[in-house]
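So the protein lines, in turn, are chains A and B. Per the working numbering, the first sequence runs over residues 1 to 571. Per the working numbering, the second sequence runs over residues 1 to 376.
Calculated from the structure, these hints are not laboratory results. We put the beta carbon where it would ideally sit given N, CA and C, even for glycine. Keep in mind that a hint or two might mislead.
Unchecked claim - In silico contact screen, one side only, chain A against chain B (beta carbon under 8 Å); selected entries:
#1 F92
#2 D97
#3 L245
#4 I254
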Amino acid sequence: MNKQTALHVGNLEKHFRAGRRLIKALDKVNLDAQCGCITGLIGPDGAGKTTLMRLVAGLLRPDAGQIQVLGVDAVLDPLAIQSKIGYMPQRFGLYEDLTVAENLALYADLQGLPPAERPARYAELLHLTALERFTKRLAGHLSGGMKQKLGLACTLVRPPKLLLLDEPTVGVDPLSRQELWQIIKGLVAEEGMSVLLSTTYLNEAERCAQVVLLYQGQVLGQGTPQEFSQRFQGRVWYAEQPGVLRRRLQDGLIRREEVLDAVLEGEGVRALLADKASPPNLKGILWSPMEPRFEDAFVAILAQQRRPTHTSIERAPVTFKKETVIVASNVSRRFGDFWAVRHISFAVKKGEIFGLLGANGAGKSTTFRMLCGLLPPSEGQLAVNGVDLRKAPAKARARIGYMAQRFSLYGHLGVMDNLRFFARTYGLKGMRYKQRLDWALDEFDLRTAADAIADDQPLGYKQRLAMACALMHEPAILFLDEPTSGVDPLERRAFWSRINALAEEGVTIMVTTHFMQEAEYCDRLAIMAQGRILAIDTPAAIRARAATPDNPRPKMEDAFITLIQKMERAA
Amino acid sequence: MNSRGGSQMRLRGLLYKEFKQILRDPSSLAIAFVMPVVLLLIFGYGVSLDAKHVPVGMVADSPGVASASLFSAFEHSRYFSPRRLPNMREAQAELMTRRIDAIVHLQSNFSAQMESDNTAPIQLIVNGVDANQARLIKGYVGATINNWLEQRAERRGIPISTPVMLEARVWFNPEVRSREYLVPGLIAVIMTLIGALLTALVMAREWERGTLEALMVTPVTLREILLGKLIPYFILGMCSMLFSLVMGIFLFAVPLRGNLFLLLFVSALFLLASLGMGLLISILARNQFVASLIAILVTFLPAFMLSGFLFDISSMPGWLQALTHIVAARYFVNVLHTLFLAGDVWAVILPNTLALALMALLFLGMARLRIHKRLE
């Protein structure tokens, strides 16, 4: 143990019991976090990030292994550690019926900040988090990003030596996310704080000094983000083929041996090649080298364990009559005096992938529920497949498939039971019933655990099962509410390749997401914030709008931030 | 920083927070002050275990002087509102449809027999669906007829045939009003509601919202967390108790024959036992739904059914009587009845108070042992 180490974890093991099963949440985890820098704990949902955080905070007792926080044993003396660290849980415990100032005062009392030091510290924290104007507002009435910042301020009332942040940026709008990162970086630079931060966003790895890649309870790698990505120098290429749809280009590339991974980016495709491979010499494709990223390393490591599944687009693109299937005009939804959705209008054409991009609380799920006829709008007109949802919601629903957030499966039932149940509820009988069940098992790779209990399966499997259930009756329109939240990048890719295949068959797809990168996969998207639509267009057009002389090729994130800033200036 | 000053500062912060939350959350104030009003009104005015104005059908097969005189005796009783019916067929139909609860049937020779030998059979048919009510009606009808016989004998100057007379006196509640019995007992139910149900809910809410997880990783101690919940809800419970007391005495004219301070002291002990149970429940069940179900099942319902508030414990089967000994409300209801209606009867108050003190100690102690600063 050297002086430079803020946190040392050795051979840490933690099991949980769920019924008769034993879940290995953490399996022989070793990691070190240096003093005075940000260590990122990166991994999909179910990797064990929260368990690790809670163990370090002394909230859980490990089954084996050691944890040393600032030289103190966390297992033997949790109280000593709790006075030195700051811990911000995933859903930070703000008292929603207390005001911003009252929440701060409570944590000042709890952390024993001397009254004389308080006014200065409050002013500093409120300035840092830009909450000065809102001290009298109830915490429950703050936006998601502001709540997150207040949570951080409460943790920082007495500056801790080690700051534990459990997914502080997940589901937060990109502007607040950027501000949170600036605050955290400032703390490290100015106060020399050590930070352990967990996230599911792989692109946040580059902002950390050290990265620990956690996957299914195991550490897959540890080092600086550059150490992860440098190994892939020369293996990442950008492919463009003028006149060919980028989705087709991606499909063509991913099926080649030498291509490990291909994702849409900008106007072309970003391809990760196998070791020592060179870009395949294909007619018409222009290749240019790109900088490798952290995500490439993760994908490459995962790809060694299992070959990514890919649903390819078999048929040539059918030319549909591009009729409009979803129309929303001037739709609003109020809950009491809260406007969840405010005067939104859009139209979606057949076979289109239409995305709603926004932070938690932006109004995406409310819009979805209205479109599926689960929630009547307070104002405005909604038509799905030409049926007015106010007049005949049941008729409109028959042609709709809906996959709710967190997959509404019957967790205690078996995989087959779930499939059979949904097939029956959609009225499938006889041969068609059998055919669709077989189709679901094959198409979604469900045979591996067809006889098992749904809840016992990993997140990616559950996501596939939920999607199979939603597609059982071959709906014309598919609604997917945050379908990829927290799944690993391979599952994410397999998911989008299925979506692409469906869209090619003429299924209209509406999807919500808070992943900026996923916005690229949509044909068109609407960016939402505070119940409003800030922009509707193709991803390329939305990005292009944010172009400035300083930033000629802005990313989706930059475009989103520009839109929010514009909205805030207008307000 | 774990000095005495730090601890005081933390506790003060927690208390301030809890009071703010109580004041801003209409549901906890409603449970503390609206619920008692509703319950007191229902039990004070609505629910009555007395039989009053019972609808009775009167049938005389051949009306005569004696039958008319007996019927008028029923008409003058405040327990009955009799209706004369022409024949038994009609009377039975009325009983079937529950428009009357009993039939008093005098056969055709009633008046003649009464004239000749001063004795005649009377048929009484009672609706026995509500067994308690049926027993009451039977008793009242018998008493009314005996009264009538007595007065008749007096008028005629003949001795009454009954050799022994029962001279009954009802102590403590001379008018035998069930309200005087129900209202004091209700205080136990109301305090269970606040002590156990409300406390279990607010603590479970903190688990659900993740506020307790954030709290646990501050230097706060478990003693401070428990005190931070105990003190505010103790004060709230006592306020609600005083409020119910004032309503009971001034609105329902229930007497308070015992010592007020003794009543407050025993109430405080009971409230502590209730709070202990509420805290224990919320430590074991960390979501509001489960916590409220458990609280209703193990505290509220027993306080209602097994405390002697509504149902007499000594007429329960033996095993159920034994079970009532682990219901804290049982001891409290006993003390409440005694203090309100009888006075400071130490032989009743002392053992019950001791039992309450033991239970308060037990539940609070268990809550302290079971709560720990880990999430497992």
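Hint numbers the structure violates, sorted upward? 3, 4
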